[in-house]
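Take a look at the letters that make up each chain.
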Amino acid sequence: MVDRNPSVRYLAAMSVIAPLLGGAMIGLAAAVALAVDGRIAGVSGVLGRLLVGGDGRGFRVAFLAGLVAVGLLGAAATPSAFGGRVVSLPLVGLAGVLVGWGTRVSNGCTSGHGVCGVGRLSPRSIVAVVTFMVTGAATVAVVRLLGLGGAS
Amino acid sequence: MRHLPAFVAGALFGAGLLLSGMTQPAKVTAFLDVGGGWDPSLALVMAGAIGVFAVAYRAIARRGRTLRGGRLHLPIRTHVDSNLLAGAAVFGVGWGLAGFCPGPAIVSLASGSTSAIVFVAAMIAGMIAAGRRPG
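Just so you know, the protein sequences line up as chains E and Z, in that order. All residue numbers for the first sequence refer to the numbering used here, where the first residue is 56 and numbers rise by one. All residue numbers for the second sequence refer to the numbering used here, where the first residue is 2 and numbers rise by one.
I should point out that these hints are in silico values taken from the structure, not numbers from a laboratory. It is possible that part of the hints are untrue.
One-sided and incomplete, this derived list gives chain Z residues near chain E with beta-carbon spacing under 8 Å [stated by the list, open to error]:
1. M2
2. G52
3. I77
4. A87
5. F92
6. G100
Computed spacing ranges between beta-carbons, pair by pair [what the hints assert, rightly or not]:
7. Z:R64 x E:L203: 24 to 34 Å
8. E:V107 x Z:V81: 19 to 29 Å
9. E:P145 x Z:R3: 40 to 50 Å
10. Z:L75 x E:L201: 39 to 49 Å
11. E:P61 x Z:A60: 51 to 61 Å
12. Z:R3 x E:A68: 36 to 46 Å
13. Z:R66 x E:A193: 34 to 44 Å
14. E:A67 x Z:G132: 37 to 47 Å
15. E:A132 x Z:I77: 39 to 49 Å
16. E:V107 x Z:R72: 13 to 23 Å
17. Z:W39 x E:R59: 41 to 51 Å
Just a sample of chain E residues kept apart from chain Z, beta carbon distances all over 10 Å, derived [unchecked claim]:
18. S62
19. V63
20. A124
21. P178
Backbone N, C-alpha and C define an ideal beta-carbon position, used for all residues, glycine too.
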């Protein structure tokens, strides 16, 4: 049933269009990184290899600077685009360590494996994505079961 | 100026994350919450991103060189090993716990959010620890 209220219909349409369009922008950005610099735009790899002094330092610094710059712009223009935390601060810190360690050991995150790897039909990336989706969903279920959420 | 395209790519990537709501950890955990009020946003983001990149990748790979004539730094590993499985599993736990993955966390640093700052500092520590592991 189509809602006759224009603002409800607008919000419903935007809830589909915004993520699809945002995703297309991410895909285009990854295409630019590969076409111009020959690099995979996987954020954990871009940062992780910079930390250990890997090659392509200029590309890495510039790409990360772009991420931060748009964050500054977003924070000034639409502060509501940034959400609060979903668990307590110590758990956020634990989560950060797990994400840092896990993405380096498996050589990729949501962008490197999820966008670029699946886009290249890499079997390794497809296995990685299924694995982190399953453990991610299991973790959300456990957080809810233990009542750890709702810290924002 | 040589790295301007990389800066633009980073900014476009970040703008895509912002527009799609991925800088809101609650939207990410709501996607992973299959038993609760499921939010499909993240699946749409992935579909849009993979769709565009897959088409571009085919064209770039066929060319075999970058637009500047440089080499494509593509992953060479093809086999699934225990590092891939263990690392991805651990990453998923952290991702589901805080609702942050590396990209959105870095974009969120600029908002001055304490959780984004704590998350990114801890993530860098985890990355360094991973680099020092034996084997």
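Hints, verified against the model:
no. : hint                       : in the structure
1   : M2                         : 10 Å, violated
2   : G52                        : 6 Å, holds
3   : I77                        : 11 Å, violated
4   : A87                        : 6 Å, holds
5   : F92                        : 3 Å, holds
6   : G100                       : 5 Å, holds
7   : Z:R64 x E:L203: 24 to 34 Å : 49 Å, violated
8   : E:V107 x Z:V81: 19 to 29 Å : 24 Å, holds
9   : E:P145 x Z:R3: 40 to 50 Å  : 42 Å, holds
10  : Z:L75 x E:L201: 39 to 49 Å : 42 Å, holds
11  : E:P61 x Z:A60: 51 to 61 Å  : 40 Å, violated
12  : Z:R3 x E:A68: 36 to 46 Å   : 41 Å, holds
13  : Z:R66 x E:A193: 34 to 44 Å : 43 Å, holds
14  : E:A67 x Z:G132: 37 to 47 Å : 46 Å, holds
15  : E:A132 x Z:I77: 39 to 49 Å : 41 Å, holds
16  : E:V107 x Z:R72: 13 to 23 Å : 21 Å, holds
17  : Z:W39 x E:R59: 41 to 51 Å  : 26 Å, violated
18  : S62                        : 18 Å, holds
19  : V63                        : 17 Å, holds
20  : A124                       : 6 Å, violated
21  : P178                       : 7 Å, violated
Of the numbered hints listed earlier, those contradicted by the structure are 1, 3, 7, 11, 17, 20, 21.
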